[in-house]
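Number of protein chains: 2
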Amino acid sequence: MNQAPISLHRRHVLAGTASALAAVGLASWSNRATAETKPLPAYASWKDPSRVIVHSGNTIETRRSAFGTGVVTPVDQLYVRNNLPPPDASILDDRDAWQISIEGVKNPRTLTLAELKGMGLETVAMVLQCSGNGRGFFPSKPSGTQWTVGAAGCVVWSGVPVRTVIEALGGMTDGMPFMTGTGGEKLPEGVDPSSVVERSVPVKAAEEALLAWELNGEPIPLAHGGPLRLIVPGYQGVNNVKYVKRLAFTAAESSARIMKTSYRMAPLGGKADPSQPSVWEMPVKSWVNSPSGEAGSAKAGRVQIHGVAFGGMHAVKRVEVSVDGGKTWREARFVGPDLGKYAWRHFVLSAELPAGEYTITSRATDTAGNVQPEHREENLRGYNNNSWADHAVRVVVA
Amino acid sequence: MNQAPISLHRRHVLAGTASALAAVGLASWSNRATAETKPLPAYASWKDPSRVIVHSGNTIETRRSAFGTGVVTPVDQLYVRNNLPPPDASILDDRDAWQISIEGVKNPRTLTLAELKGMGLETVAMVLQCSGNGRGFFPSKPSGTQWTVGAAGCVVWSGVPVRTVIEALGGMTDGMPFMTGTGGEKLPEGVDPSSVVERSVPVKAAEEALLAWELNGEPIPLAHGGPLRLIVPGYQGVNNVKYVKRLAFTAAESSARIMKTSYRMAPLGGKADPSQPSVWEMPVKSWVNSPSGEAGSAKAGRVQIHGVAFGGMHAVKRVEVSVDGGKTWREARFVGPDLGKYAWRHFVLSAELPAGEYTITSRATDTAGNVQPEHREENLRGYNNNSWADHAVRVVVA
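Chains C and U supply the protein sequences, listed in that same order. Under the numbering used here, think of the first position of the first sequence as 12, with each following residue one higher. Under the numbering used here, think of the first position of the second sequence as 12, with each following residue one higher.
No lab work stands behind these hints: they were computed from the structure. Computed from a prediction, not measured in an experiment: that's the story for all the values here. Treat the hints with caution; some may be incorrect.
One copy or any two copies: either way a pair holds, since identical chains are not told apart in the list.
Claimed, not checked - Derived EDC-like pairs (lysine to aspartate or glutamate); straight-line CA-CA distance at most 16 Å:
(1) Lys-49 - Glu-218
(2) Lys-310 - Glu-126
(3) Lys-310 - Asp-107
Start from the sequences and build out the full structure, keeping to the hints where you can.
Structure representation (structure tokens):
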């Protein structure tokens with residue numbers, strides 16, 4: 012959606028934020044809120060520039076202040092993270108002709124998207140999140156995009172269940188502990204073949220996985236992996252392989268670099284290796300979106316503090332909110348429809364906030380009893396940050 | 012969302028449809044599927060032209076083939092029906108300054124949108140549908156836009172519950188049977204003041220009504236009633252007053268023409284008058300979106316027939332699908348998340364369709380036991396069409 016008058020207005024408001032925050036001594040926060048944004052790349056030129064921060068041609072983040080309370084994140088503000096430049100847009104010219112090779116089943120074969128569409132239909136709402144979301148809060152300054160909260164969204168995918176495809180091809184080959192998806196990006200010339208986008212996940216994830224052709228009810232745009240994307244609900248974004256051209260049930264994890272050493276929970280100061288945990292299941296997490304911390308985001312009086320919470324593999328059960336940096340907590344209320352255990356829920360706490368400075372944060376608990384921790388798990392590359400302290404916003408109420 | 016390459020491609024496909032259908036003797040259906048579309052008006056220029064039919068500057072319809080299975084209808088393809096030209100876009104320059112006068116309460120007063128935002132927050136998913144949706148199927152050819160299925164969508168609204176506002180202003184004045192909303196459109200000069208957009212609904216509707224500022228998680232665009240819209244879940248679209256500037260609990264229905272004589276269930280050949288039922292609660296309804304009836308929308312073999320179903324005031328409980336024009340029926344399966352009783356649900360029936368011609372339709376039943384009827388209720392202006400026979404698609408499977 013492109014609405015010139017609104018966008019111009021928003022840009023104006025944001026331009027005013029940095030100086031206003033500097034005036035109250037929160038310049039470092041203002042840098043985060045209004046991080047320098049680059050022009051949108053051509054393949055994502057239809058995104059709303061007033062709602063995103065363009066870190067690079069392959070990394071686009073939703074602004075914290077742009078998250079509304081509609082549960083489903085509109086595609087025009089959904090984050091983008093590509094590990095390689097996307098394929099040429101011509102792959103969307105005939106979506107139904109897209110081919111995927113299914114391996115590690117009794118009757119392996121190549122299927123077209125048209126054939127997949129005939130096989131079955133399921134729809135799932137889920138949080139899509141880059142495992143590096145929140146990296147910008149690590150004091151260790153890990154290399155990589157300095158995402159804060161906006162490398163995430165709650166979106167709706169439609170496609171055929173992977174289990175339906177397996178069944179149609181005679182069932183899985185016995186003894187395959189992994190499901191491996193391979194992306195259809197073209198490797199730039201001279202690039203090491205191990206740079207391919209290929210990820211393996213535990214085979215149990217196949218139970219709920221989809222081969223999806225729709226995102227939020229429309230054919231998946233190129234920027235988000237169309238014509239066909241592997242969807243693994245509850246797993247960090249990188250496992251949801253875009254332009255998926257091969258789905259295999261395998262004896263071993265992929266030897267692609269993105270699997271072998273990237274996206275590993277390596278120790279600070281150490282080196283990544285395949286023995287370390289990969290970023291698979293998402294941990295329980297929440298954050299406040301409003302007040303956003305931008306200048307003027309809250310006025311003295313009654314304020315509806317709201318944000319999002321999700322449990323990764325489990326539904327979120329409870330959210331507490333603190334306005335004093337975690338000293339005291341109050342139970343928030345969920346608002347809006349419940350889209351299932353993989354979706355996020357919006358929470359709201361109605362609070363009376365006299366003029367002053369506040370550190371507002373939230374803490375989620377999932378149905379398995381996992382509680383969002385105060386502190387991040389330190390790691391070399393800044394993955395899986397779900398620290399409630401890191402995600403706090405400092406708000407000046409005037 | 013604007014994706015030039017995709018849109019161009021789609022337009023190309025649609026351009027080919029009319030001649031293809033004419034070749035198999037279904038030219039009149041092709042006219043419906045590819046109704047002549049006008050340029051998008053400026054205030055809705057951000058809609059996706061490949062997904063809508065622009066009937067006029069105030070009436071824009073979603074194409075049947077554009078409905079996906081993502082439950083929530085993206086705003087870039089959501090229908091538009093304005094009873095008057097929208098106000099100037101400058102009313103969005105400072106959304107929080109928008110004012111609404113609340114009357115018929117103990118302490119009547121004018122509130123700004125900023126004040127409403129502090130009072131409470133609720134989110135509801137619901138079907139928004141023009142009461143004239145399906146008018147194009149009336150053989151009596153009632154005057155008005157010849158909508159088929161696309162003057163409807165399932166969307167998510169966020170705002171403050173009307174009951175919270177009533178409570179904050181001391182409660183409702185006793186004995187007011189109606190809730191009346193007044194739109195902020197500027198009447199063109201010389202136009203009869205009774206042309207104002209003002210609608211009354213039974214006061215019980217206040218229980219679930221919202222004063223909403225967000226649509227699908229973003230500030231409401233001008234085309235859809237931003238900055239503030241009255242939302243009455245379960246009620247036909249016209250009751251959801253855009254640019255709402257006055258909300259009153261009243262002893263009588265509004266005397267605006269849009270209430271008095273328009274939107275009445277007047278008899279065929281008769282005259283509309285205030286004694287006839289107004290278009291308030293939506294009746295149970297469903298229709299098939301895919302195959303859409305456009306050429307090539309189904310190929311011989313296994314086909315996933317899918318569409319949408321909703322119950323108006325009650326959740327939808329059951330949908331049956333027929334591929335032989337209603338002679339035989341099979342139970343469809345719901346897919347995707349359930350967004351609550353006012354939302355629609357997607358249904359799917361997996362069917363083996365050999366080459367041939369089919370008349371595919373669906374029949375919904377709600378939790379109160381209401382069954383979608385075979386025949387429309389005839390009326391002068393073509394409102395409330397929920398006939399399953401009318402909504403059938405003729406599909407040529409090759």
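* Hint by hint, which ones does this structure get wrong, listed from lowest number up? -> Checked against the structure, the only hint that fails is number 1, while the rest are satisfied.
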